[in-house]
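Undergrad: Sequences are here, hints too, so could you generate the full structure?
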Amino acid sequence: DIQMTQSPSSVSASVGDRVTITCRASQDISTWLAWYQQKPGKAPKLLISATSSLQSGVPSRFSGSGSGTDFTLTISSLQPEDFATYYCQQANSFPQFTFGPGTKVDIK
Amino acid sequence: EVQLVESGGGLVQPGGSLRLSCAASGFTFSMYWMSWVRQAPGKGLEWVANIKQDGSEKFYVDSVKGRLTISRDNAKDLLYLQMNSLRAEDTAVYYCARVPYYMDVWGKGTTVIVSS
Numbered sequence: 004d005i006q007m008t009q010s011p012s013s014v015s016a017s018v019g020d021r022v023t024i025t026c027r028a029s030q031d032i033s034t035w036l037a038w039y040q041q042k043p044g045k046a047p048k049l050l051i052s053a054t055s056s057l058q059s060g061v062p063s064r065f066s067g068s069g070s071g072t073d074f075t076l077t078i079s080s081l082q083p084e085d086f087a088t089y090y091c092q093q094a095n096s097f098p099q100f101t102f103g104p105g106t107k108v109d110i111k
Numbered sequence: 003e004v005q006l007v008e009s010g011g012g013l014v015q016p017g018g019s020l021r022l023s024c025a026a027s028g029f030t031f032s033m034y035w036m037s038w039v040r041q042a043p044g045k046g047l048e049w050v051a052n053i054k055q056d057g058s059e060k061f062y063v064d065s066v067k068g069r070l071t072i073s074r075d076n077a078k079d080l081l082y083l084q085m086n087s088l089r090a091e092d093t094a095v096y097y098c099a100r101v102p103y104y105m106d107v108w109g110k111g112t113t114v115i116v117s118s
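Protein sequences, first through last, are from chains P and C.
Residue numbers for the first sequence follow my numbering, so the first one is 4 and each next one is one higher.
Residue numbers for the second sequence follow my numbering, so the first one is 3 and each next one is one higher.
It is possible that part of the hints are untrue.
As the list claims (entries may be wrong) - Simulated pairs of lysine-lysine, DSSO-like, Cα-Cα distance not exceeding 30 Å: (1) P:Lys48 x C:Lys45; (2) C:Lys110 x P:Lys107; (3) C:Lys60 x P:Lys48; (4) C:Lys110 x P:Lys111; (5) C:Lys45 x P:Lys111.
Stated by the list, open to error - A few chain P positions that, by computed beta-carbon distances, are all more than 12 Å from chain C: (6) Ser10; (7) Val14; (8) Ala16; (9) Ser17; (10) Val22; (11) Thr23; (12) Thr25; (13) Arg27; (14) Gln30; (15) Ser63; (16) Phe65; (17) Asp73; (18) Thr75; (19) Leu81; (20) Asp85; (21) Lys111.
Said to hold, decoys possible - Listed next, the stretches of chain P that the computed footprint assigns to chain C, with coverage defined by at least 3 CB atoms under 8 Å from CB atoms of chain C: (22) 37-47; (23) 98-104.
What the hints contain is simulated information worked out from the structure, not anything from laboratory work.
Because the structure is a prediction, the values reported are computed rather than measured.
We put the beta carbon where it would ideally sit given N, CA and C, even for glycine.
TA: Structure (structure tokens):
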């Protein structure tokens, strides 16, 4: 089974900061990786698919990169609505999935 | 509008059963793989099960194999999760999601509490 890890588990940041979240897979997943944003009490929202493809309507301050086992989600200039928990998810073993444990972005 | 609406959650005793439903609208349900994902209180997301477009293939996370069963009715645009032999650790919000490789549409979730 493919295991996913994320770092950091939480980050405190200010509006306007650049925030980078890392996701690592236990084996090569090529670029079969997605990022989701979840706000408290809400369903997750797909932000990025296939490592770097921004979903329609997602602001361009979000970007994704990586391949193989190491991936990054970057928020170039943090906005108030970006405070949330972010999850990576591998789809290399589709139709079996694994999520990372999540990274909480909160206000500094 | 593309929409998924879960129902059927509630309080159930350990060892009990529950059937969750997910009603799809706004898209051609029969063209998509579908998923159930859960989130225990204060915890992260856990993929639970996937089902192929025609229901011929089903996949589960190890912790639910033999107890939870995913199914679908394409004529009614409905996805199901039959939950048997429930345990306290099954307590969670259960989401259904549409899966064109990634989970691009999610419902708002239904809460299952397993407790005596």
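Undergrad: Are the hints correct? Go through all of them and say.
TA: Hint check:
no., hint, result
1, P:Lys48 x C:Lys45, "holds (17 Å)"
2, C:Lys110 x P:Lys107, "holds (20 Å)"
3, C:Lys60 x P:Lys48, "holds (24 Å)"
4, C:Lys110 x P:Lys111, "holds (29 Å)"
5, C:Lys45 x P:Lys111, "holds (22 Å)"
6, Ser10, "holds (14 Å)"
7, Val14, "holds (16 Å)"
8, Ala16, "holds (20 Å)"
9, Ser17, "holds (25 Å)"
10, Val22, "holds (19 Å)"
11, Thr23, "holds (20 Å)"
12, Thr25, "holds (16 Å)"
13, Arg27, "holds (15 Å)"
14, Gln30, "holds (17 Å)"
15, Ser63, "holds (19 Å)"
16, Phe65, "holds (15 Å)"
17, Asp73, "holds (19 Å)"
18, Thr75, "holds (17 Å)"
19, Leu81, "holds (21 Å)"
20, Asp85, "holds (18 Å)"
21, Lys111, "holds (22 Å)"
22, 37-47, "holds (count 6)"
23, 98-104, "holds (count 7)"
When the structure is compared with the earlier hints, no violation turns up for any of them.
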